[in-house]
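Read off the chains here:
2 protein chains.
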Amino acid sequence: MKFKAEIEILPKKGLLDPQGKAVLHSMPRIGADNVTEVSVGRFITLEIDAENASKAEETAELASKKLLANLIMESYNIRISEL
Amino acid sequence: MKFKAEIEILPKKGLLDPQGKAVLHSMPRIGADNVTEVSVGRFITLEIDAENASKAEETAELASKKLLANLIMESYNIRISEL
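Chains A and B are the protein sequences, given in the same order. So the first sequence is residues 130 to 212, counted in our numbering. So the second sequence is residues 130 to 212, counted in our numbering.
The following block holds chain A by itself, in its conformation from the complex (with noise of 0.2 Å):
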């Protein structure tokens, strides 16, 4: 079966983010200063060969931590569905 894996990936609160930051101050120009708060990271999706849904997240889990996140800096999230 084939699943697909949505992974979005952030700075951890606190830690700083410099786009967010740039994003933040960049608000007020086009109109839009009741935004008040930006953080910027990554949205990565898979395409996964996997016996089940279970087995999908594995995968997509291998992935965030060895290849896809700096766990120390970032903290991620998963969704899996079904293709």
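The reader is advised that the hints may include incorrect statements.
Note: identical chains are not told apart, hence a pair may lie in one copy or across any two.
[To be verified] Keeping only pairs whose Cα atoms sit at most 20 Å apart, straight-line, the calculated EDC-like set for lysine to aspartate or glutamate is: (1) K141 <-> D162; (2) K150 <-> E180; (3) K141 <-> E176; (4) K142 <-> E211; (5) K141 <-> D178; (6) K142 <-> E180; (7) K142 <-> E187; (8) K133 <-> D146; (9) K150 <-> E211; (10) K150 <-> D178; (11) K141 <-> E187; (12) K195 <-> D162; (13) K133 <-> E166; (14) K131 <-> E203; (15) K195 <-> D178; (16) K150 <-> E137.
I should point out that these hints are in silico values taken from the structure, not numbers from a laboratory. As the structure is a computational prediction, the values presented were derived from the model and not from experiment.
Start from chain A and add chain B according to the hints.
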């Protein structure tokens, strides 16, 4: 009221995604050779002051179109939730 917008941005299908290709080619090295496709994009969260969810979504749309996404090469998806 305060809302959170979660914005997922990905390269449009069929357009070059060199980061995705690079990640895909690294998968066998970490034992994840059942991954068959990778897309790499950005994940951005906003905190928004707004009267209601629909106003918050307008702000997130504005930010996505004018600041966050490159609409020629990328597509985006917005989720709004109350904080």
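Okay, the hints, checked on the actual structure:
1. K141 <-> D162: neither (24 Å within a copy, 29 Å between copies)
2. K150 <-> E180: Classified as neither; 42 Å inside a copy, 24 Å across copies.
3. K141 <-> E176: Between copies only: 16 Å across, 26 Å inside.
4. K142 <-> E211: Between copies, since 19 Å is at most 20 Å while 31 Å is not.
5. K141 <-> D178: Neither way: K141 and D178 sit 30 Å apart in one copy and 22 Å across, limit 20 Å.
6. K142 <-> E180: neither (35 Å within a copy, 26 Å between copies)
7. K142 <-> E187: For K142 and E187, the Cα distance exceeds 20 Å both inside one copy (25 Å) and across copies (26 Å).
8. K133 <-> D146: between (28 Å within a copy, 17 Å between copies)
9. K150 <-> E211: neither (36 Å within a copy, 22 Å between copies)
10. K150 <-> D178: between (38 Å within a copy, 17 Å between copies)
11. K141 <-> E187: Classified as neither: same-chain Cα gap 22 Å, cross-chain 27 Å, threshold 20 Å.
12. K195 <-> D162: between (38 Å within a copy, 14 Å between copies)
13. K133 <-> E166: Result: close only across copies, 9 Å inter versus 30 Å intra.
14. K131 <-> E203: neither (28 Å within a copy, 24 Å between copies)
15. K195 <-> D178: Result: close within a single copy only, 19 Å intra versus 37 Å inter.
16. K150 <-> E137: Both, since 19 Å and 18 Å are each at most 20 Å.
Violated hints, listed in ascending order, are 1, 2, 5, 6, 7, 9, 11, 14; each of the other numbered hints is respected by the structure.
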